[in-house]
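**Q** One-letter residues, chain by chain:
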Amino acid sequence: MSKLIPDITKDKIAGGVYQNKLHDSGHKHVNGQAVYVDDIPEPHGMLHIYMGMSTVAHAKIKSMDLSEMRASEGVACVLTVEDIPGINDYSPVKGDDPIFAEGKVEFIGQPIFAVAADTIDLARAAAKKAVIEYEELPAILTIADAMEKGSYVSDPHVMARGDADGRIATAKHVIKNSVELGGQEQFYLEGMIAMSIPGEDDEVKVYSSTQHPSEVQHNVAKALAVPDHAVTIETRRLGGGFGGKESQPALMASVSALVAKATGRAAKLRLDRDDDMVMTGKRHDFHFEYEVGFNDDGLIEGVSMLHACRAGYSSDLTDAIADRAMFHCDNVYWLPNIKVESYRCKTNTVSNTAFRGFGGPQGVFLIERIIDEIAAKLDKDPLEVRQKNFYGVDDNNVTPYHMTVEDNVIHEIFEELEESSDYQKRRAEIREFNKHSKVLKKGIAMTPVKFGISFTTTFLNQAGALVHIYTDGSVKLNHGGIEMGQGLFTKVAQVVAEEFQIDIERVKITATDTSKVPNTSATAASSGSDMNGMAAQAAARTIKQRLTDFAATQFQASVEDVEWLPNRVRVGSEEIAFTDLVKQAYLNRISLSSTGYYATPKIHYDRENCKGRPFFYFSYGAAVTEVLVDTLTGENKITRVDILHDVGKSLNPTIDLGQVEGAYVQGAGWLTTEELWWDQTGRLRTHAPSTYKIPACSDRAEDMRISLWEKGKNAEETIYRSKAVGEPPLVLGISAFHAISDAIASVTDYEVYPALDAPATAERVLMAVDRTKKAAKS
Amino acid sequence: MVKISMTVNGKNVEGEVSPRTLLVEFIREHLKLTGTHVGCDTSQCGACVIHVDGDSAKSCTMLAVQADGSNIITIEGLANGEEMHPMQAAFKENHGLQCGFCTPGMVMSAIDLANKNGDLTEELVREGLEGNICRCTGYHNIVKSVLDGANAMKAAE
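Taken in sequence, the protein lines are chains B and A.
Here the first sequence is numbered in this note's numbering, starting from 1 and rising by one per residue.
Here the second sequence is numbered in this note's numbering, starting from 779 and rising by one per residue.
The following block holds chain B by itself, in its conformation from the complex:
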């Protein structure tokens, strides 16, 4: 009952901003009552869909005989490209992702047909009866192959400032090298899924596990050849997304909607895990080449970089991802003379897509590698070389894309962490340990991050919200953001509770729904709480203003005399409970519902000239990682991690700490154990957690010390001066990679730089150990 009768005497509401409010669905997660798409009660007669996939990397489809499959037990419907009333495409940008292959296949796992049957077993059994004849074509499988053949999904892009080549030519020291960086499977625990329910006329409702309901809506409408208004997408929560559910869920949704409309029956498409890993895109792997000129202090005078990433068979979001890698080629460093060439390679492999960081981590990886190698060459502590090259606060602070870094706090964060982590003392101890330990070697590294916040496609930086107050004073909140575990719904509810000064229990958070808030952007780019928080605040403020005006009129006072207190409003000497004020407002015909809208200010970008301000602000952080490496086996383990991260004024420290920790572990996983491996025919051989090693409980460092930076406050006017948190700390996993490199370097007493490729699997570590030993001998 306490929830129904708010306390109107207290000093502070429960669950306002800056409070450690627990996840809104926590109680449902622990008792199994939180509903994911696969848990929604299935409508009577629902069909289950299985997708027939290409078994070759590149081929013409000579013939398809699906007659036996159609006649198979329980089959209600078979769909191929011929059965799509609208456009055969589910791509986010360029129109190059066919729902079903048309005449040719371009990667192993590409969908060719869908079969819907009474049960998933019957659908799978039927799919086996399809007979497809291919005429195989030469396949391009690797970045190297694509570069040699000039196979790209879009034109190469160049960002340059100053005279990189000239300054490299005149520099005292020069390093020229290359490095490989692997991709990463999102491995959201809840796989791709969509369930469609046919409606009246041309309508269809789709429950989709997606980070981007509006885009799913457009694609379903496009495939069905119906207006957007006929399609409703609803998403209450995801069992993880990590970028993997930004563009590609449109495939599952489109196919399930096509089946639903073709049969008049509800239809569900849930990908089996192995199929999910084969059919859907991953983080882009990169090949990097670099040449850098620097002085005796390690100061970079000129640097030239080549980024070549593997897009896969289609564009998907590759251009924006490769661009973000370029935007992060500087990380926290002032690079007056720089040239970055970026190639987006088209290969006959799955189309790579968004993954937490969206190219940013890859961009940072390269410059951090360069700095590390400079330090090794000069026999300096990499920390010193890093600091030497930092952006200045008031000068030397313009990025290669001509945006002034106005909020630089990396100097302070680095200094604080260097001290709190005891970096110098531990580094000396580690070097001493390594002198006496023959097989086991320790390594340590400290790396920084600066991460640009905003979608670099400027128009995406908009959000909407819808807030209703009912006559009992309870509030319903809806916005365009997606809850995928990151605590977005909790944070936005905190904002609304704060605005109305009511306990958060009075605010009900509801499933994201394209019929409530239209034309939304993906919950991506770490922007969820920044944008949806602001939109919800705007909606709440509109209603609050109406209530303030009403209260002033009722009590014959001026608007300035109306004060919002916890669960009540004071007007002069009178106090009125929020619920009573709402009821009176209703009786006096005051609207208690409003939309809210937010468009991120200040940002603009001219891509052709690589000039502008693509980011509203930057997030900063740093990490120190210590590792232990067995140089006989290559096995390694992270033993201690210290992180100091800036989330501005945290809306919810408990949730933000969880984000920082999870992101670091995911980043470290990317660069150590998570290896994607395709065979020479283009078949992904690591398509389950048995072969693809995600960090487990025992892999996590035993000693992990994570702090949010206490002085943090966003220089820009963001929602309560907080900062985005989703992606930036993932980049800190790079320190684990450099720590391993540092440990390997010890086998030659730090004379040879290990030149480790990523991920640093035990195998690669061992190879690097052998390589450095051999190089030292010669």
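Treat the hints as calculated values from the structure; they're not laboratory data.
Being a predicted model, the structure only gives us computed values, none of them experimental.
By construction, the Cβ of each residue, glycine as well, lies at the ideal position given by its N, Cα and C atoms.
Here are some, though not all, of the chain A residues that point toward chain B, as calculated from beta-carbon distances under 10 Å: (1) THR820; (2) ALA867; (3) LYS870; (4) GLU905; (5) ASN910.
Quick list of simulated restraints, FRET-style, between CB atoms: (6) A:ASN893 x B:PRO227: 55 to 61 Å; (7) B:PRO156 x A:GLU807: 47 to 53 Å; (8) A:GLU807 x B:MET64: 30 to 36 Å; (9) A:HIS808 x B:MET64: 35 to 41 Å.
Listed next, the in silico DSSO-like pairs over lysine-lysine satisfying Cα-Cα at most 30 Å (straight line): (10) A:LYS810 x B:LYS508; (11) B:LYS649 x B:LYS508; (12) B:LYS28 x A:LYS810; (13) A:LYS810 x B:LYS205; (14) B:LYS637 x A:LYS922; (15) A:LYS922 x B:LYS28; (16) B:LYS377 x B:LYS438; (17) B:LYS693 x A:LYS894; (18) B:LYS435 x B:LYS425; (19) B:LYS176 x B:LYS773; (20) B:LYS388 x B:LYS172.
Knowing the structure of chain B, use the given hints to seat chain A on it.
**A** This is chain A only, laid out in the frame that chain B set:
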């Protein structure tokens, strides 16, 4: 089709299943207990962990017919009415979850760990939870939750 019967969360249930029906399918589709999740389909992620005759088991790696006559507890059977099991409460209070998809399996594994080890240590928890993957957290709060939950279970004895 084969007739089977078992006790699930204290209730006797019966069903007719194909010999190849997985236990998790029986639980989710026949009994409509959807708190037990399917994450990887191949017995590695641990999202589908339940208790069979007092032992934790990955329900996607067992056939329904194998569980004939067993006593099964799923995540839905832990709470005593409105009162959560101490392990559930510990996961909630310690923010030992983010997206929540792995949580039911984690909680079930954690209870089994606590039941079988007199004194749980951090190391035992780390080893014991190796068969449960979480992709969101860095496991810190999960380990904390398990230790807290185990202590609370002991105190309640």
